[in-house]
Amino acid sequence: DTAVSQTPKYLVTQMGNDKSIKCEQNLGHDTMYWYKQDSKKFLKIMFSYNNKELIINETVPNRFSPKSPDKAHLNLHINSLELGDSAVYFCASSQPGLAKETQYFGPGTRLLVL
Amino acid sequence: AQSVTQLGSHVSVSEGALVLLRCNYSSSVPPYLFWYVQYPNQGLQLLLKYTTGATLVKGINGFEAEFKKSETSFHLTKPSAHMSDAAEYFCAVTLSSGSARQLTFGSGTQLTVLP
Numbered sequence: 001d002t003a004v005s006q007t008p009k010y011l012v013t014q015m016g017n018d019k020s021i022k023c024e025q026n027l028g029h030d031t032m033y034w035y036k037q038d039s040k041k042f043l044k045i046m047f048s049y050n051n052k053e054l055i056i057n058e059t060v061p062n063r064f065s066p067k068s069p070d071k072a073h074l075n076l077h078i079n080s081l082e083l084g085d086s087a088v089y090f091c092a093s094s095q096p097g098l099a100k101e102t103q104y105f106g107p108g109t110r111l112l113v114l
Numbered sequence: 115a116q117s118v119t120q121l122g123s124h125v126s127v128s129e130g131a132l133v134l135l136r137c138n139y140s141s142s143v144p145p146y147l148f149w150y151v152q153y154p155n156q157g158l159q160l161l162l163k164y165t166t167g168a169t170l171v172k173g174i175n176g177f178e179a180e181f182k183k184s185e186t187s188f189h190l191t192k193p194s195a196h197m198s199d200a201a202e203y204f205c206a207v208t209l210s211s212g213s214a215r216q217l218t219f220g221s222g223t224q225l226t227v228l229p
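Chains as they are written, first to last, in the numbering used here: chain A, 1 to 114; chain B, 115 to 229.
In short, the hints are calculated from the structure, not lab data. Please note that the accuracy of each hint is not assured.
Distance ranges between label pairs, derived from CB positions [stated by the list, open to error]:
| hint | chain 1 | residue 1 | chain 2 | residue 2 | range |
| --- | --- | --- | --- | --- | --- |
| 1 | B | Ser-128 | A | Asp-70 | 48 to 56 Å |
| 2 | A | Lys-44 | B | Gly-167 | 24 to 32 Å |
| 3 | A | Asn-51 | B | Ser-142 | 44 to 52 Å |
| 4 | A | Lys-41 | B | Leu-134 | 17 to 25 Å |
| 5 | B | Thr-119 | A | Lys-67 | 31 to 39 Å |
| 6 | A | Pro-8 | B | Leu-170 | 24 to 32 Å |
| 7 | A | Glu-53 | B | Leu-170 | 16 to 24 Å |
| 8 | B | Ala-131 | A | Gly-97 | 35 to 43 Å |
| 9 | A | Lys-44 | B | His-196 | 28 to 36 Å |
Reference listing, derived: stretches of chain A covered by chain B, where coverage requires no fewer than 3 residues with Cβ under 8 Å from a Cβ of chain B [to be verified]:
| hint | stretch |
| --- | --- |
| 10 | 17-25 |
| 11 | 77-84 |
With a Cα cut of at most 25 Å, we get these calculated SDA-like pairs of lysine to any residue [unchecked claim]:
| hint | chain 1 | residue 1 | chain 2 | residue 2 |
| --- | --- | --- | --- | --- |
| 12 | A | Lys-22 | A | Ser-5 |
| 13 | A | Lys-71 | A | Ser-20 |
| 14 | A | Lys-40 | B | Val-143 |
| 15 | A | Lys-36 | B | Glu-202 |
| 16 | A | Lys-71 | A | Lys-40 |
| 17 | A | Lys-52 | A | Gln-14 |
| 18 | A | Lys-9 | A | Phe-64 |
| 19 | A | Lys-9 | B | Glu-202 |
| 20 | A | Lys-71 | A | Leu-114 |
| 21 | A | Lys-41 | A | Pro-69 |
| 22 | A | Lys-9 | A | Pro-69 |
| 23 | A | Lys-40 | B | Leu-160 |
| 24 | A | Lys-44 | A | Gly-97 |
| 25 | A | Lys-44 | B | Leu-228 |
| 26 | A | Lys-44 | B | His-124 |
| 27 | A | Lys-36 | B | Lys-172 |
| 28 | A | Lys-71 | A | Gln-14 |
| 29 | A | Lys-40 | A | Pro-107 |
| 30 | A | Lys-52 | A | Glu-24 |
| 31 | A | Lys-41 | B | Ser-126 |
| 32 | A | Lys-71 | A | Met-46 |
| 33 | A | Lys-40 | B | Thr-226 |
| 34 | A | Lys-44 | B | Val-143 |
| 35 | A | Lys-41 | B | His-189 |
| 36 | A | Lys-67 | A | Gln-14 |
| 37 | A | Lys-40 | B | Gln-116 |
| 38 | A | Lys-44 | B | Ala-131 |
| 39 | A | Lys-41 | B | Thr-166 |
| 40 | A | Lys-41 | A | Lys-71 |
Glycine included, C-beta positions come from ideal geometry on N, C-alpha and C.
Could you put the whole structure together from the sequences, leaning on the hints where they help?
Right under this line is the structure:
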C-alpha cells in the first residue's frame with residue numbers, strides 16, 4: 001500500500017544520456033512535487049504541479065522537464081545528463097487544504113552520472 | 115518568502131540523554147512548520163507538524179516540538195534518546211497562504227546516539 005512510489009530506486013548512467021524517473025501517488029492528492037537532495041543532503045524544490053498544471057518552477061536547467069499525464073503521476077525527464085545532476089530526487093504529494101499541506105515523500109531515486 | 119536555519123549540522127548525545135535539535139525560521143506570513151526524519155538511504159518521514167492551535171506538538175517516536183513565535187523557533191526535543199533515533203533530521207516551513215506551498219528545508223542535523 002505504498003502511498004508515493006518512485007522508479008527506479010537507483011539509476012547509474014553516463015554523461016550525455018537522457019533518463020526518466022517516474023512517480024506515482026495513490027493518495028488522491030492534487031499537488032505533486034519534485035525535490036533534489038544534493039551530496040550535502042540539502043533539499044530544494046524543483047517543480048510543483050497542481051492537478052496536472054505547473055505551478056512552481058524553480059531555477060532548474062531546462063534539461064529537466066516534468067510531465068504529468070494525470071494527477072496521480074509526475075514524471076521527471078532529464079536530457080543530456082551532467083555530472084552535477086548526481087543527487088537523490090524525491091517526489092512528494094499533498095492535498096491543498098487537507099492535513100494542512102502535509103507532504104508525503106517517496107523513497108527517492110538515487111541518480112549517479114558517470 | 116521563507117527560510118529555515120538549523121543550528122548544528124551534527125549533534126551527538128548519549129543513549130538516554132535529552133535530544134535537542136534547533137530550528138529557526140523566517141516567514142512573511144504565518145508559517146506551517148514541520149520536522150522530517152531521514153534514515154540512511156531512505157525517504158523522508160514526517161515526525162510532527164505545527165499549523166495552528168496548540169504550540170506544543172507531539173509527534174511519533176516520542177518527539178515533540180514547540181512553536182515560539184516571539185523567538186521564531188521550532189526546536190525538536192525528545193526526553194530520552196534511543197539508538198534507533200540516529201538519523202538526519204530536517205526542519206521545514208511552508209506558507210499558510212498563497213498558491214506556492216513548497217517546503218523550504220533547513221540544511222539538516224545529523225543525530226548520532228552514543229551507547
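Cross-check of the supplied hints:
| no. | hint | verdict |
| --- | --- | --- |
| 1 | B/Ser-128 with A/Asp-70: 48 to 56 Å | holds (50 Å) |
| 2 | A/Lys-44 with B/Gly-167: 24 to 32 Å | holds (30 Å) |
| 3 | A/Asn-51 with B/Ser-142: 44 to 52 Å | violated (26 Å) |
| 4 | A/Lys-41 with B/Leu-134: 17 to 25 Å | holds (20 Å) |
| 5 | B/Thr-119 with A/Lys-67: 31 to 39 Å | holds (35 Å) |
| 6 | A/Pro-8 with B/Leu-170: 24 to 32 Å | violated (41 Å) |
| 7 | A/Glu-53 with B/Leu-170: 16 to 24 Å | violated (38 Å) |
| 8 | B/Ala-131 with A/Gly-97: 35 to 43 Å | holds (40 Å) |
| 9 | A/Lys-44 with B/His-196: 28 to 36 Å | holds (31 Å) |
| 10 | 17-25 | violated (count 0) |
| 11 | 77-84 | violated (count 0) |
| 12 | A/Lys-22 with A/Ser-5 | holds (8 Å) |
| 13 | A/Lys-71 with A/Ser-20 | holds (18 Å) |
| 14 | A/Lys-40 with B/Val-143 | violated (29 Å) |
| 15 | A/Lys-36 with B/Glu-202 | holds (16 Å) |
| 16 | A/Lys-71 with A/Lys-40 | violated (31 Å) |
| 17 | A/Lys-52 with A/Gln-14 | violated (30 Å) |
| 18 | A/Lys-9 with A/Phe-64 | holds (18 Å) |
| 19 | A/Lys-9 with B/Glu-202 | holds (20 Å) |
| 20 | A/Lys-71 with A/Leu-114 | violated (33 Å) |
| 21 | A/Lys-41 with A/Pro-69 | violated (30 Å) |
| 22 | A/Lys-9 with A/Pro-69 | holds (21 Å) |
| 23 | A/Lys-40 with B/Leu-160 | holds (20 Å) |
| 24 | A/Lys-44 with A/Gly-97 | holds (22 Å) |
| 25 | A/Lys-44 with B/Leu-228 | violated (30 Å) |
| 26 | A/Lys-44 with B/His-124 | holds (20 Å) |
| 27 | A/Lys-36 with B/Lys-172 | violated (28 Å) |
| 28 | A/Lys-71 with A/Gln-14 | violated (31 Å) |
| 29 | A/Lys-40 with A/Pro-107 | holds (18 Å) |
| 30 | A/Lys-52 with A/Glu-24 | holds (13 Å) |
| 31 | A/Lys-41 with B/Ser-126 | holds (18 Å) |
| 32 | A/Lys-71 with A/Met-46 | holds (17 Å) |
| 33 | A/Lys-40 with B/Thr-226 | holds (17 Å) |
| 34 | A/Lys-44 with B/Val-143 | holds (20 Å) |
| 35 | A/Lys-41 with B/His-189 | holds (20 Å) |
| 36 | A/Lys-67 with A/Gln-14 | holds (23 Å) |
| 37 | A/Lys-40 with B/Gln-116 | holds (21 Å) |
| 38 | A/Lys-44 with B/Ala-131 | violated (32 Å) |
| 39 | A/Lys-41 with B/Thr-166 | violated (29 Å) |
| 40 | A/Lys-41 with A/Lys-71 | violated (28 Å) |
When held up to the earlier numbered hints, the structure conflicts with 3, 6, 7, 10, 11, 14, 16, 17, 20, 21, 25, 27, 28, 38, 39, 40 and fits the remainder.
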